[in-house]
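Residues per chain, in single letters:
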Amino acid sequence: LAKTTQPISMDSYEGQEVNITCSHNNIATNDYITWYQQFPSQGPRFIIQGYKTKVTNEVASLFIPADRKSSTLSLPRVSLSDTAVYYCLVGFKAAGNKLTFGGGTRVLVKP
Amino acid sequence: KAGVTQTPRYLIKTRGQQVTLSCSPISGHRSVSWYQQTPGQGLQFLFEYFSETQRNKGNFPGRFSGRQFSNSRSEMNVSTLELGDSALYLCASSLTRVPNEKLFFGSGTQLSVL
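Chains L and W are the protein sequences, given in the same order. Residues 1 to 111 in this note's numbering are what the first sequence lists, from first letter to last. Residues 1 to 114 in this note's numbering are what the second sequence lists, from first letter to last.
Next up, chain W with everything else stripped away, as it sits in the complex (with noise of 0.2 angstroms):
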């Protein structure tokens, strides 16, 4: 069974600018959750989506942003990026909801705002 691929794996953005990120969850699984991790603040969970609709929402800024599709790909969008958004950005699936669900993660994409 493929594992959850993330894409792109590198991403190079200049301030004011926007962004997608792309997760591909493993087949059969629901639930997308995504995750900012900075050497500084760790791993931070940014929200979750499952059956297409956004479940829970962590502490982040309306410029994050995501969406789920009816495959359950997922998407998250980051606006008007400021140097403080340089990340890994994560995401997981599982089968159902979190938060007692067992996570698989994808290997990221890691965005430099310069």
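In isolation and in its complexed conformation, chain L is listed as follows (with noise of 0.2 angstroms):
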């Protein structure tokens, strides 16, 4: 069954570095991790894409380790502005390229 699985919610303080893992069981070897931020009343936006190992970019750092059956995003220094909901989502190939989200997880950034 294609699923992705991350934790419903989190909090943090302003300057601190957020990590949210994702599980992705069944990932296939070619399938992507993609990350996408939604804030209300917005369309999720895009944060980072993986496949494996590291990847880094001007906002967040996405991890994938080995068995790539999870992956991590960090967000270094968070600020309040951070406050959103975060989903991962992954396209299973081996399910006719579904794309499936991950359930969202929320992200409050606290002063």
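For the record, the hints were derived by calculation from the structure and aren't laboratory data. Ideal Cβ placement from N, Cα and C applies to all residues, glycine included. Heads up, some of the hints might be wrong.
Lysine-lysine pairs mimicking BS3-like chemistry, simulated, CA-CA at most 25 angstroms apart [said to hold, decoys possible]:
| hint | chain 1 | residue 1 | chain 2 | residue 2 |
| --- | --- | --- | --- | --- |
| 1 | L | Lys52 | L | Lys3 |
| 2 | W | Lys102 | L | Lys54 |
| 3 | L | Lys52 | L | Lys69 |
| 4 | L | Lys3 | L | Lys110 |
| 5 | W | Lys57 | W | Lys102 |
| 6 | W | Lys102 | L | Lys3 |
| 7 | L | Lys69 | L | Lys54 |
| 8 | W | Lys102 | L | Lys69 |
| 9 | L | Lys3 | L | Lys54 |
| 10 | L | Lys3 | W | Lys57 |
| 11 | L | Lys52 | W | Lys102 |
Now the in silico label distances, taken between C-beta atoms and shown as ranges [said to hold, decoys possible]:
| hint | chain 1 | residue 1 | chain 2 | residue 2 | range |
| --- | --- | --- | --- | --- | --- |
| 12 | L | Gln16 | W | Gln17 | 47 to 55 angstroms |
| 13 | W | Arg55 | L | Lys110 | 24 to 32 angstroms |
| 14 | W | Gly42 | L | Phe63 | 18 to 26 angstroms |
| 15 | W | Pro39 | L | Val59 | 21 to 29 angstroms |
| 16 | L | Ala28 | W | Gly40 | 26 to 34 angstroms |
| 17 | W | Gly42 | L | Ser74 | 33 to 41 angstroms |
| 18 | W | Ser86 | L | Arg45 | 42 to 50 angstroms |
| 19 | L | Arg106 | W | Ser107 | 15 to 23 angstroms |
| 20 | W | Gly62 | L | Glu17 | 41 to 49 angstroms |
| 21 | W | Tyr10 | L | Thr56 | 37 to 45 angstroms |
| 22 | L | Ala28 | W | Thr53 | 21 to 29 angstroms |
| 23 | L | Asn19 | W | Pro39 | 22 to 30 angstroms |
On the chain L side, residues computed to face chain W include the following (Cβ under 10 angstroms) [claimed, not checked]:
| hint | residue |
| --- | --- |
| 24 | Thr34 |
| 25 | Gln38 |
| 26 | Ser41 |
| 27 | Tyr51 |
| 28 | Lys52 |
| 29 | Glu58 |
| 30 | Leu89 |
| 31 | Lys98 |
| 32 | Thr100 |
| 33 | Phe101 |
| 34 | Gly102 |
| 35 | Gly103 |
Could you fit the two chains together into a complex? Lean on the hints.
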């Protein structure tokens, strides 16, 4: 069963690092992992995408262990404006490329 | 470059009616995919259109359909509306086909079925 699972919520404080893990047990060799950020009344916004090991861009890092059954989005030094819902997305090719989102992790950054 | 545009922003319908939602992708993007977002089920993939053909479909009944025009604009139709169809409907565009493309989402159409 193609499924992605992530924690429902987590709290943090300004300046801290936030790590959100997504489980995707049935991921196949060529399936990519993508993370999106969503604010209220807006559509999701692309954060980062990876395939294996580690990917870093100007806003986040994505860590993917060798077995690829999970991935971790890392947000360094969060600010109040990072309060949002974060979704992991896997396009399971074995399931006919059906895009499967995790349930979303609500991150609250406190001052 | 203009983003993904969805119209209308809000819609109220009654059970049994049908509804058509519109999505204009980013210029040059050839793939449009649709999603349903509800508090209970989260974000669920409906279908993807590329080159005017449906390429991929999620687990939704046949009441949910769509089409794509030659200019890549897309419409989604829901017939015989049910209360459970109340949701935020999002479309996303990408340069080429999902699943490994970066998706650009519109702000969605909030559909309320009474």
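Hint check:
Between the alpha carbons of lysine 52/L and lysine 3/L the distance comes to roughly 18 angstroms, so the proposed pair stays at or under 25 angstroms and holds. Among the hinted pairs, lysine 102/W with lysine 54/L is consistent with the structure: their alpha-carbon atoms are about 18 angstroms apart, no more than 25 angstroms. Straight-line distance between C-alpha atoms of lysine 52/L and lysine 69/L comes to about 11 angstroms, which keeps the hinted pair within the 25 angstroms bound. Pair hint lysine 3/L plus lysine 110/L does not hold up; C-alpha atoms about 31 angstroms apart against a cutoff of 25 angstroms.
Only pairs whose Cα atoms come within 25 angstroms are accepted, and lysine 57/W paired with lysine 102/W is accepted, the gap being roughly 18 angstroms. Taken as a hint, the lysine 102/W and lysine 3/L pair is honoured in the structure, with Cα atoms around 20 angstroms apart against an allowance of 25 angstroms. Between lysine 69/L and lysine 54/L, the direct Cα distance comes to roughly 14 angstroms. Compliance with the 25 angstroms bound is thereby established for this hinted pair. At most 25 angstroms may separate the alpha-carbon atoms for a hinted pair to count; lysine 102/W and lysine 69/L meet this at roughly 21 angstroms.
A hinted pair counts as satisfied when its Cα atoms are at most 25 angstroms apart, and lysine 3/L with lysine 54/L qualifies at roughly 22 angstroms. Taken as a hint, the lysine 3/L and lysine 57/W pair is honoured in the structure, with Cα atoms around 16 angstroms apart against an allowance of 25 angstroms. A hinted pair counts as satisfied when its Cα atoms are at most 25 angstroms apart, and lysine 52/L with lysine 102/W qualifies at roughly 17 angstroms. As the Cβ distance of glutamine 16/L to glutamine 17/W is approximately 49 angstroms, the hint placing it in 47 to 55 angstroms holds.
Remark: the range hint 24 to 32 angstroms for arginine 55/W to lysine 110/L is contradicted by a beta-carbon distance near 43 angstroms. Glycine 42/W and phenylalanine 63/L have their C-beta atoms about 23 angstroms apart, which keeps the hinted 18 to 26 angstroms range intact. In this structure the hint that proline 39/W and valine 59/L lie 21 to 29 angstroms apart at CB holds, the actual value being about 27 angstroms. As the Cβ distance of alanine 28/L to glycine 40/W is approximately 28 angstroms, the hint placing it in 26 to 34 angstroms holds.
A hinted range of 33 to 41 angstroms for the beta carbons of glycine 42/W and serine 74/L is inconsistent with their spacing of about 22 angstroms. Under the hint 42 to 50 angstroms, the C-beta atoms of serine 86/W and arginine 45/L, about 24 angstroms apart, miss the expected range. Here the CB-CB span from arginine 106/L to serine 107/W is close to 19 angstroms, well matched to the stated 15 to 23 angstroms. Range check, glycine 62/W to glutamate 17/L: about 46 angstroms between beta-carbon atoms, so the 41 to 49 angstroms window is met.
Remark: the range hint 37 to 45 angstroms for tyrosine 10/W to threonine 56/L is upheld by a beta-carbon distance near 39 angstroms. For the pair alanine 28/L and threonine 53/W, the supplied restraint of 21 to 29 angstroms holds, since their beta-carbon distance comes to about 24 angstroms. A hinted range of 22 to 30 angstroms for the beta carbons of asparagine 19/L and proline 39/W is consistent with their spacing of about 25 angstroms. This hint holds: threonine 34/L has a C-beta 7 angstroms from the nearest C-beta of chain W, less than the 10 angstroms allowed.
Taken as an interface hint, glutamine 38/L checks out: its beta carbon lies about 8 angstroms from the nearest beta carbon of chain W, inside 10 angstroms. For serine 41/L, the shortest C-beta to C-beta distance to chain W is roughly 7 angstroms, which falls under 10 angstroms, so the interface hint holds. Here the hint on tyrosine 51/L is kept, as its CB sits about 8 angstroms from the closest CB of chain W, short of 10 angstroms. For the restraint placing lysine 52/L at the interface with chain W, the shortest Cβ-Cβ distance is roughly 13 angstroms, beyond the 10 angstroms limit, so the hint is violated.
The interface hint given for glutamate 58/L is broken, as the beta carbon of that residue sits about 15 angstroms from the closest beta carbon of chain W, more than 10 angstroms. Because the beta carbon of leucine 89/L sits about 8 angstroms from the nearest beta carbon in chain W, less than 10 angstroms, this interface hint is met. Satisfaction of the interface hint for lysine 98/L is found here, the shortest Cβ-Cβ separation to chain W being roughly 6 angstroms, below the 10 angstroms cut-off. This hint holds: threonine 100/L has a C-beta 7 angstroms from the nearest C-beta of chain W, less than the 10 angstroms allowed.
A distance limit of 10 angstroms between C-beta atoms decides the matter here; for phenylalanine 101/L the minimum to chain W is near 4 angstroms, and the interface restraint holds. A least Cβ separation of about 8 angstroms between glycine 102/L and chain W falls short of the 10 angstroms threshold, and the interface hint therefore holds. The beta carbon of glycine 103/L comes within 5 angstroms of a beta carbon in chain W, closer than 10 angstroms, and the hint placing it at the interface holds.
Violated hints, in rising order: 4, 13, 17, 18, 28 and 29; the structure is consistent with all others.
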